[in-house]
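J.: Chain A is fixed; fit chain B onto it per the hints.
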Amino acid sequence: MLDVALTAAGNVFTFQSLLFLTIGMLIGLVVGVVPGMGGTTALAVFGPMTVGLDPYSALSLAGGLMGAVSFGGSVTSILINLPGGAPNAATCLDGYPLAQQGKAGLALGASASASSVGGVIGVFTLLLVIPISKKIVLAFGPSEFFLLATLGLVTIAACAPGRMLRAMIVGGIGLLFAFIGFDNVNGGTRFTFGIEHLWEGIPLAPAMIGLFAFPEMIELSAKGGSIAKDKGQVGLTGTLDGVWASFKYWKTLLRGSLIGTLVGAIPGVGGTVAAFLAYFSTVQASKNPESFGKGNIEGVIAPEAANNAKDGGNLIPTLAFGIPGTAEMAVLLGVLVLHGMEPGPTMILHHEAEIYGLILTLTLSSILASVIGLMMVRPLAMITRLDAHILVPSVIAISFVGAYANNSLPGDIVLAFVFGVIGYLLIRFDYPRLPLVIALVLGELAERSFAQAMMISGGSWSIFVTRPISALLFALIVMALTYPMIRTLLQRRHSVEEVS
Amino acid sequence: MSAPRKSFSALAENFGPPLVFLAVTLIFIVAAYGYPPASREVPLLIGYVLIVLIALDILSRTSTSTGELVRRYLNPASGLPGVPKSAGDEGEEHPSGQKELLAVGWVAAFTAAVMIVGILPAVPAYVASYMIVEGRKSVKFSILIAASIALFLWLSFEMILSIPLYRGMLFE
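Listed in order, the protein sequences are those of chains A and B.
1 is the number of the first residue of the first sequence in this note's numbering; add one for each residue after it.
1001 is the number of the first residue of the second sequence in this note's numbering; add one for each residue after it.
Read the hints as simulated data drawn from the structure, not as lab findings.
Do not take every clue at face value.
[Unchecked claim] Taking lysine to any residue and the SDA-like style, the derived pairs with C-alpha atoms no more than 20 Å apart in a straight line are: (1) K294/A - R428/A; (2) K223/A - K1137/B; (3) K1099/B - A388/A; (4) K1099/B - I390/A; (5) K223/A - E1134/B; (6) K1137/B - L386/A; (7) K223/A - L1151/B; (8) K223/A - E1172/B; (9) K223/A - R487/A; (10) K223/A - Y1035/B; (11) K1137/B - I427/A; (12) K1099/B - K294/A; (13) K223/A - E1041/B.
So that you can see chain A by itself, here it is in the shape it has in the complex (with noise of 0.2 Å):
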């Protein structure tokens, strides 16, 4: 093993090797930065292009966009409150209260140690865990992957400060909402309503820019002045504090960068369920739970190792087995297969050392990219001072055109709109929005996984609790489901005891 990843290593230290990784650095921080643009479209562009280049120099590319995607899209989250990509959107939760503190620099800088250290570990646990790889992806079934979607939404709702009937509904709205479109179970299509536009679906871009974007944008049109409205100096300070926040809150680190390689590792689940387990875990085992959703630190830390992290989880089936567990790795096994890989089982056996070599620029592009990332923090955090006047208008075509760009559909630009205007509406009367994304996200394969864990079953319900797995599962979410409401009965009890 050894000998091979020297041999990979060698070939990645090459001017070409480390040009295209610097060039893939560069685009996926770009890519990042633009809303609605994630990984698997910066990849599905630019992967063809490798075509002519030796197969280090790809994946070079490759490895130095996927690694740098992430930080380019909390750069947005942080700053104007809107999520390059879907697994960003648990970083504006705190990220953003940050920036309108003016602690812009601060946010940014956890942001990118976070991603770094979170990017390493996850490529490292994939050095570890390839050889014992098969046995964890085969462990988890159609009944694993109905419980842990569940588990999610479920814990997203428990963690909704004070909130929790509310961010249930809106939850059980977005799985409705999920069903639009093209019915997995029986081929047709379901409450379209007659729009043609939604045979597909409802497309998480377009969805997540109008939740996000849109609403922030109207508050701030209406209101005037600019992000920050603590106009403190966001400096070069106020960065590193942030880069020394990640190992101050060490345990943070390290449970968000696990989680992530562990989610990352199930197909079909992705870096949004990732980040948000990570964020809500950190929630639930704060001794301060309130102070979240206000610019507690702690909250950017752990969706972004998690983000990062995750794609060392991902390759895990993607390398292993060739199942991609996101579409982004999907698109990279084409680029493999372009350069003569073929994905599977034996690819690990003839082609060790270009998979070492893709392990080891991901590696060094998840730190590379947090450093150019952290020297452009300060031209950055200057967005969150911008004349709402001149920001407003700039965010909402950028980000309307970021929707629309995902799938070339105009369509989508009026989506955006439409979910623009029911995310405001969530917030005046008070409901949370996140719920509505991560049941969006999670309603296919919550769906289509319970009804194939009902087809093995025979219609038993019982294979939810008898497989071991699953039994775990389904006691976490029953934890979930009461724990805030036996938190409430304590804190009663607590206060009359004080009053007594």
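T.: Chain B in isolation, oriented as in the chain A frame:
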């Protein structure tokens, strides 16, 4: 006349949102019965669970002792109308309705313009007119910003990413 109107608007604000959710759920439930059993199984399950949850939400908005119990354990941060809410992400002070409508109107106009004339003419027109009318910025500065954004979009999408930008219903 003003007192009954006020109480009606308070009632509408209090019970309106769950009733809208209920209406959406009922639409999905009714539509689901038009599909084969396998296709409607999960949507119906979600739909009926939602009806229970919405009923609890409505109950939590009443001043009854059961409503208070539900609110205490499932929605402690949401108060009855007139009771101050806690500050935070979803509970901040909002601008006036007229300003909100105006802000939404600008985005609606932009969306309509994109659909009719396409992205490249609509973007600079929207950005410049918003900056001039709403922001009272100078015409020269507004046009410069608007042109820069249009150029950025054209370079990023059409040139670098090879994604043709929508030309609008008039020119497609």
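J.: If a hint holds in the structure, say so; if it doesn't, say that too.
T.: Each hint tested on the structure:
1. K294/A - R428/A: Cα-Cα ~18 Å, so holds.
2. K223/A - K1137/B: Holds, because 17 Å separates the two Cα atoms, which is no more than 20 Å.
3. K1099/B - A388/A: 14 Å, holds
4. K1099/B - I390/A: 17 Å, holds
5. K223/A - E1134/B: Holds - the C-alpha atoms of E1134/B and K223/A are around 12 Å apart, at most 20 Å.
6. K1137/B - L386/A: Roughly 13 Å separates the two Cα atoms, so the pair holds.
7. K223/A - L1151/B: Cα-Cα ~29 Å, so violated.
8. K223/A - E1172/B: Status violated; Cα separation ~38 Å.
9. K223/A - R487/A: Violated, at roughly 37 Å.
10. K223/A - Y1035/B: Distance ~46 Å between K223/A and Y1035/B Cα, so the pair is violated.
11. K1137/B - I427/A: This hinted pair is violated, its Cα atoms lying about 30 Å apart.
12. K1099/B - K294/A: Between K1099/B and K294/A the Cα gap is close to 25 Å, so the pair fails against 20 Å, i.e. violated.
13. K223/A - E1041/B: 46 Å, violated
The structure shown violates the earlier hints numbered 7, 8, 9, 10, 11, 12 and 13.
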